[in-house]
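Protein sequence lines, in the order shown, are assigned to chains A and B. Start counting at 1 in the first sequence, then tack on 1353, and there's your number in my numbering. Start counting at 1 in the second sequence, then tack on 61, and there's your number in my numbering.
The hints are simulated quantities; they were obtained by calculation from the structure and are not laboratory data. Incorrect hints may have been included.
What the hints assert, rightly or not - Where chain A lies over chain B, by a calculated footprint (3+ residues, C-beta under 8 Å): (1) 115-128; (2) 173-179; (3) 233-239; (4) 278-284.
To be verified - Partial chain B-side listing against chain A, Cβ under 7 Å, derived: (5) Pro93; (6) Phe107; (7) Leu152; (8) Ala242; (9) Ser296; (10) Ile307; (11) Pro317; (12) Leu320; (13) Phe325.
Backbone N, C-alpha and C define an ideal beta-carbon position, used for all residues, glycine too.
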Amino acid sequence: MRLPDRVTAWLLLLPALVLLVTFTHGPALATVWDSFRSTAKKGRPAHFNGIDNYRAMVEDEVFWRALWNNLIYAVGTIPLSIALAIAMALWVNSRLSGRGFLRLAYFTPTVLPMIAVANIWLFFYTPQYGLLEQITQGLGLPSHNWLGDKSTVLGALIVVAIWKEAGFFMIFYLAALQQIPPSLAEAAALEGASRWQYFRRILFPLLMPTTLFVFINALINSVRMVDHLFVMTRGGPDNASTLLLYYIYQVGFSFWDTGYAAALTVVVLAVLAIVAFAQLGFLDRRTHYQ
Amino acid sequence: MTPTTTVFRPAPAARVLETAAAWLLGLLWILPLAYAVWTAFHPSAFSTRFELGAPLTLQNFANAWSAAPFARYFLNTTMLVTMVIVAQMVLGTLAAYALARFEFPGRDLVFVLILLQLMVMPDVLIVENYRTMNALGLRDTILAIGLPYFASAFGIFLLRQTFKTVPKELVDAARVEGASALQVLMKVYVPLAKPVYLAYALVSVSYHWNNFLWPLIITNSVETRPLTVGLQVFSSTDQGVDWSIITAATLMTSAPLLLGFLLFQRQFVQSFMRAGIR
Chain A
1354 MRLPDRVTAW
1364 LLLLPALVLL
1374 VTFTHGPALA
1384 TVWDSFRSTA
1394 KKGRPAHFNG
1404 IDNYRAMVED
1414 EVFWRALWNN
1424 LIYAVGTIPL
1434 SIALAIAMAL
1444 WVNSRLSGRG
1454 FLRLAYFTPT
1464 VLPMIAVANI
1474 WLFFYTPQYG
1484 LLEQITQGLG
1494 LPSHNWLGDK
1504 STVLGALIVV
1514 AIWKEAGFFM
1524 IFYLAALQQI
1534 PPSLAEAAAL
1544 EGASRWQYFR
1554 RILFPLLMPT
1564 TLFVFINALI
1574 NSVRMVDHLF
1584 VMTRGGPDNA
1594 STLLLYYIYQ
1604 VGFSFWDTGY
1614 AAALTVVVLA
1624 VLAIVAFAQL
1634 GFLDRRTHYQ
Chain B
62 MTPTTTVFRP
72 APAARVLETA
82 AAWLLGLLWI
92 LPLAYAVWTA
102 FHPSAFSTRF
112 ELGAPLTLQN
122 FANAWSAAPF
132 ARYFLNTTML
142 VTMVIVAQMV
152 LGTLAAYALA
162 RFEFPGRDLV
172 FVLILLQLMV
182 MPDVLIVENY
192 RTMNALGLRD
202 TILAIGLPYF
212 ASAFGIFLLR
222 QTFKTVPKEL
232 VDAARVEGAS
242 ALQVLMKVYV
252 PLAKPVYLAY
262 ALVSVSYHWN
272 NFLWPLIITN
282 SVETRPLTVG
292 LQVFSSTDQG
302 VDWSIITAAT
312 LMTSAPLLLG
322 FLLFQRQFVQ
332 SFMRAGIR
């Protein structure tokens, strides 16, 4: 006896759907619900407290600091890592000597655990002993505590993020470049286009879908990539390097203020939801071309 | 991989300049790792002194290995990654098959709901998922680290796209011969998607080997901690800041992935490409 198609299909989907609802959709909705409730304390269960958590958020300087830092983190990381990724892909895809080594060098940070490489970078930035200090001292420059100074700590973290991401994004550009027929370059050359014109007028527009895809990934990463904070700065000094997800972790698991952590999470979810709608539209458009 | 830009050869001077830039970037990118290797394989006296004659040693690795239960951490991570991969493959295959092969009311809606997880990943839902694990009595277990990732939108999406390219004639032929829906899946779809499974496995292994925040929150003991969390506990509990030992531990935890990557570089890169372009 054969089951009707619709029954088979739902049975096949069931295990995945149950887990998705339990650990993604359910918690996302519960977060919104909990953001309107107080944190349960001894003898006082959680109760509805309206927009108290959000009111606290508006007055919370650390939240605004984290939001602002996260914006700078995104703006500092995304364009540079995309530009570097394109350059890397073009180089690895061309006839440069040693491109085997180059591909290896560019891609290696992608497979290393962020928490592990953060240790290396911490040593790199260490005052007096660190490699960076050795170089700057060798050049006769004054000593500088890169991670201990409020004005440089975020920049130092952005460098690590770019280093970690660029090689990963390179892969997507490599894949896209290899789909572009060589006849286009020949035609452009016949028309007398320069190499820059070929890149600017033909390659770059053709890479646009990839750039969009990479851009959205980079946006998500700028929310998600906080592991190195745990090793390098712990959000300091004076919250100068706190990012949203790290702050959620602190509020939720150091201060155990789950109601407020839920309200903070709602902010992150709102940001991601906006990105999600943009992405869905984009995915739709792409499938039309296929 | 064949180079495509054969027409636009830069002028010799520009070519030299570009090669230099590419190499400079490459060296910069490999520098932190090279530095870590230097520090880990030399006595701590040489950790910032770069002399050719510096004696080589494995003592840092031995010290790190004996200073923390890294063997247990390796075992935990291996179990975690294996469990996640197997679950993701099985659940992803079933779900993707339903979405690619069957017509049923609500299919598009379900697909969109699944895709939502690409954005709202478990990584940001730490507070609620912790509460759920607590309620299920699963806190501080390896299962709890993996469970939120078992159903992966990315995997389902990837496999669905692949399954959609399977020719209908093959499926019909199998059906005519009396194969059940499950047999069609196992005999026709799965074998044709092998490269995609490999690609997905490599991407997923590197993700979960390296994952840190959620395991940090949900684990609390040596028996459950994966390598990443173990490394963090090890390097933050004041080792007298012996960098040589910390870098040795750092290299040790990255070693399996790094070695795998060096050995199967081509497959790794192509897998990430395959996973990315769909």
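Hint check results:
no.	hint	result
1	115-128	violated (count 0)
2	173-179	holds (count 7)
3	233-239	violated (count 0)
4	278-284	violated (count 1)
5	Pro93	holds, 5 Å
6	Phe107	violated, 12 Å
7	Leu152	holds, 4 Å
8	Ala242	holds, 5 Å
9	Ser296	holds, 6 Å
10	Ile307	holds, 6 Å
11	Pro317	violated, 10 Å
12	Leu320	violated, 10 Å
13	Phe325	violated, 11 Å
In summary, the numbered hints that this structure violates are 1, 3, 4, 6, 11, 12, 13.
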